[in-house]
Amino acid sequence: MTTPITHHLTDDILMAHASGSLPEAFGLVVATHVSLCDECRARLAGYEAVGGAVLEDSDPSVAMAEDSLAATLRLIAAMPEDDRIDAPAPAEGGVFPMPLRDYVGGDADAVQWRALGGGVRQAVLPTARDATVRLLYIPAGMAMPDHGHGGMELTLVLQGAFEDAGGRYGRGDVEVAGEDLDHTPVAAPGPDCICLAATDAPLKFHGLLPRLAQPFIGI
Amino acid sequence: MSERQTADTRWVTCVTRIRDERDQTAFARLFAHFAPRVKAFLMKSGADAALAEECAQEVMATVWRKAHLFDPERASVATWIFTIARNRRIDALRKQRHPEPEDLPWGPEHEPDQTETLALQQESEQLGRALQALPEAQRVLIERAYFGELSHREIAAETGLPLGTIKSRIRLALDRLRQEMT
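Chains as they are written, first to last, in UniProt numbering: chain A, 1 to 219; chain B, 1 to 182.
Hints in this document: simulated from the structure, not taken from any laboratory. Virtual Cβ for every residue (Gly too), placed ideally from N, Cα, C. Check the hints yourself; a few may be wrong.
These stretches of chain B come out as covered by chain A in the derived footprint (C-beta under 8 Å, 3 or more residues) [stated by the list, open to error]: (1) 24-33; (2) 48-62; (3) 84-93; (4) 124-132; (5) 140-154; (6) 170-181.
So here's chain A without its partners, still in its complex pose (with noise of 0.2 Å):
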């Protein structure tokens, strides 16, 4: 069963992962974030019928090459016997869902974490370079650096939760930052905090031991 889920993914970036205009980076989260969250599952295959439709709509004139569907056919029957492509099953309890598993080459416990000091820790996922997206792992009550964004970030949480200005987010919530928003996360109480975050622009942090830190860590 899914989690309650108060934090969703917003129209536009749904939208863009259905018409296949997002960096893989953020199309990770997204789908991601959908695994966990039916309410988004929906809205994202709404964004998909779109799609439909605009194929529907596309020039049925457009020529076909002369032996196309003869062609298509051998392609099928060069296939072999047990040609069904089936989808992978979903993961059975674990942390991670399939598609970040894929990602990862397995669960949480089989990420290759990066220290960061106090007990921060992070994994940088191998994506197109259009965007990054790494599993951070933040302790229990520990700080995220305060920062704003000069691009876009996704951030979604798979284990323990997170606290900032926008609220409280636990195992499903994904927070879309934008360059206004500024914040001060802290993992809260309980299990440690792990997240999915995406971005397409370097963070910019506000204190000077963060900036001093930024072109070593790497966020």
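Starting from the known structure of chain A, arrange chain B on it as the hints suggest.
Only chain B this time, still in chain A's reference frame:
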């Protein structure tokens, strides 16, 4: 329900025949309708004719291989094929992956409900008509977004389309699936 068949439910029947009987005639009908549209869609998205032809054939072959995964309570055939074509486009033109949510698998005894299927297909057709009825400039902007011509920053989700009804119907279908899973 034959007199209440719509264009979209006929495509659903084609996909079901491909799934159950590996029916090449049903596939040929789907192909005649959708392959040129997929090719046109890919060319609008920036592929040249040769690449679009190649990808359209691959998309239609994927339709054959994934016919058993199609859920007509949650999408029209056009929508389902759009998602396959979109993913192929991102792979071919942007060399990126399109991360997909975890699927909600059908239970072994799940058969799509005919009333729900019909309602969803009708909802999809209404959405299509609403798209065509939009002012030209607005419709073109939506099309450009789906051809991948707009960056995510340029996309504003105020489509002017009545998405609430189709969303609610899909949400109910998801709730039913969740109940079957427990």
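Do the hints match the structure? See the list:
no. : hint    : result
1   : 24-33   : holds (count 6)
2   : 48-62   : holds (count 7)
3   : 84-93   : holds (count 5)
4   : 124-132 : holds (count 5)
5   : 140-154 : holds (count 10)
6   : 170-181 : holds (count 5)
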